[in-house]
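Student: In order, the protein sequence lines correspond to chains A and B. Read left to right, the first sequence gives residues 1 to 209 (this note's numbering). Read left to right, the second sequence gives residues 1 to 209 (this note's numbering).
Do not take every clue at face value.
Which copy is meant is left open, because identical chains are indistinguishable; a pair holds if it fits in one copy or across any two.
[To be verified] Straight-line Cα separation of at most 25 Å, SDA-like style, residue types lysine to any residue; simulated pairs:
(1) Lys22 to Gly85
(2) Lys89 to Leu145
(3) Lys184 to Thr86
(4) Lys7 to His154
(5) Lys45 to Ala87
(6) Lys7 to Glu41
(7) Lys22 to Gly34
(8) Lys7 to Glu159
(9) Lys117 to Phe160
(10) Lys22 to Ser192
(11) Lys117 to Glu128
(12) Lys45 to Ala20
(13) Lys22 to Ala98
(14) Lys117 to Ser202
(15) Lys22 to Gly36
(16) Lys45 to Ala153
In short, the hints are calculated from the structure, not lab data.
Number of protein chains: 2
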Amino acid sequence: MRFYDCKTAPSPRRVRIFLAEKGIEIETVQVDLGAGEQFSEAFRKVNPDCVVPALELDDGSCISEVLAICQYIEETHPEPALMGGTAEKRARVSMWNAKVEQQGLWAMADAFRNSAKGLAGRAVTGLEAYPQIPELAERGRARVLQFFGRLDAHLGNNEFLAGESFSMADITALVFVDFARWIKIHVPDNASNLARWHVVVSKRPSAAA
Amino acid sequence: MRFYDCKTAPSPRRVRIFLAEKGIEIETVQVDLGAGEQFSEAFRKVNPDCVVPALELDDGSCISEVLAICQYIEETHPEPALMGGTAEKRARVSMWNAKVEQQGLWAMADAFRNSAKGLAGRAVTGLEAYPQIPELAERGRARVLQFFGRLDAHLGNNEFLAGESFSMADITALVFVDFARWIKIHVPDNASNLARWHVVVSKRPSAAA
Numbered sequence: 001m002r003f004y005d006c007k008t009a010p011s012p013r014r015v016r017i018f019l020a021e022k023g024i025e026i027e028t029v030q031v032d033l034g035a036g037e038q039f040s041e042a043f044r045k046v047n048p049d050c051v052v053p054a055l056e057l058d059d060g061s062c063i064s065e066v067l068a069i070c071q072y073i074e075e076t077h078p079e080p081a082l083m084g085g086t087a088e089k090r091a092r093v094s095m096w097n098a099k100v101e102q103q104g105l106w107a108m109a110d111a112f113r114n115s116a117k118g119l120a121g122r123a124v125t126g127l128e129a130y131p132q133i134p135e136l137a138e139r140g141r142a143r144v145l146q147f148f149g150r151l152d153a154h155l156g157n158n159e160f161l162a163g164e165s166f167s168m169a170d171i172t173a174l175v176f177v178d179f180a181r182w183i184k185i186h187v188p189d190n191a192s193n194l195a196r197w198h199v200v201v202s203k204r205p206s207a208a209a
Numbered sequence: 001m002r003f004y005d006c007k008t009a010p011s012p013r014r015v016r017i018f019l020a021e022k023g024i025e026i027e028t029v030q031v032d033l034g035a036g037e038q039f040s041e042a043f044r045k046v047n048p049d050c051v052v053p054a055l056e057l058d059d060g061s062c063i064s065e066v067l068a069i070c071q072y073i074e075e076t077h078p079e080p081a082l083m084g085g086t087a088e089k090r091a092r093v094s095m096w097n098a099k100v101e102q103q104g105l106w107a108m109a110d111a112f113r114n115s116a117k118g119l120a121g122r123a124v125t126g127l128e129a130y131p132q133i134p135e136l137a138e139r140g141r142a143r144v145l146q147f148f149g150r151l152d153a154h155l156g157n158n159e160f161l162a163g164e165s166f167s168m169a170d171i172t173a174l175v176f177v178d179f180a181r182w183i184k185i186h187v188p189d190n191a192s193n194l195a196r197w198h199v200v201v202s203k204r205p206s207a208a209a
């Protein structure tokens, strides 16, 4: 297997943390997104969507999309389980992972990609050039703050996002919260449950990945 | 189990098709989105995100998010497999499902929710009121057309989205293509692979769900 990564980007960090939790080391290729290496002919053969992360299997075929990559790793390296130990728990991990993606991470990406100077004309990941929409950046910021409130309320009754064990959903949420700092959005002072959880998950050695 | 549905909406249709393929009938409650029933006190106890679909389990707890619901059904009713039969096939189904969601379905939702007259002030699903962004509706339309092209190219080499068998990824793509008609975007005349696939999947009895 070969893992296509970009050390500075949030999406592949979800896979890096996942691998670190499993204790797996894989041959890793850094793709320099800043230099536009994702658009090179060589990388387009790996992933025609021109995004990282991507996982090349031993037969040369490629799996992209964070969830698909992590699912494949979970099945081929089951311990420790990061996607739940029963059908119901797996559904809860999947549900919270989807909520954090849709209400948190994609809103944060809207905020960042539609405002960052370096991404003018590249407001959507991938090959096509789309102009930034400043109103969407504003909406994204508002949604990130709103979702912080929801996470805080949920974590008042739950040790981790999908219940009592650390899971893929916590990885997605950690990457989301840390990504929000890029546009200077921090966990609000009154979000004590979210702050408590963030300290706990950030102390895990995998968080350095 | 109890399934919270809205017969006219695209997201719960993904679950309805999934259930029809499995041959499962579940007690179903219609939530009238047009009348704002998703915001009622009663439904907020089922799903505080105020969206359908949702699946209430026998212990009264609730699973929301299409992928999590389908995953739960797949595990509790494995035949016929709709999410792949091996770790690698499951990863491919998951990858294509994610691609169709992010590049197709969410772009289509952007196009629709930011332009439909009835959704003024409700441009994002859920409880919060966000104004429509006409530029985002335009970007959504452009992305939908672009993704039609990608699907067409992919289906030139693949019978179904994730390879040789019908899967969850095809269900997501069928709902996406049919949803696009709501804003008068149809499969382009030159997209013959996509058109071929659309005829095949639409003929399955489950497509009527």
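Student: Against this structure, judge whether each hint is valid.
Tutor: Verification of the hints:
no., hint, in the structure
1, Lys22 to Gly85, "both (15 Å within a copy, 24 Å between copies)"
2, Lys89 to Leu145, "neither (27 Å within a copy, 37 Å between copies)"
3, Lys184 to Thr86, "neither (38 Å within a copy, 43 Å between copies)"
4, Lys7 to His154, "neither (30 Å within a copy, 30 Å between copies)"
5, Lys45 to Ala87, "between (36 Å within a copy, 23 Å between copies)"
6, Lys7 to Glu41, "within (21 Å within a copy, 45 Å between copies)"
7, Lys22 to Gly34, "neither (29 Å within a copy, 46 Å between copies)"
8, Lys7 to Glu159, "neither (29 Å within a copy, 36 Å between copies)"
9, Lys117 to Phe160, "neither (35 Å within a copy, 40 Å between copies)"
10, Lys22 to Ser192, "neither (29 Å within a copy, 44 Å between copies)"
11, Lys117 to Glu128, "within (17 Å within a copy, 29 Å between copies)"
12, Lys45 to Ala20, "neither (27 Å within a copy, 37 Å between copies)"
13, Lys22 to Ala98, "both (21 Å within a copy, 23 Å between copies)"
14, Lys117 to Ser202, "neither (29 Å within a copy, 44 Å between copies)"
15, Lys22 to Gly36, "neither (31 Å within a copy, 44 Å between copies)"
16, Lys45 to Ala153, "between (44 Å within a copy, 15 Å between copies)"
This entry does not satisfy hints 2, 3, 4, 7, 8, 9, 10, 12, 14 and 15, going by the numbered hints stated previously.
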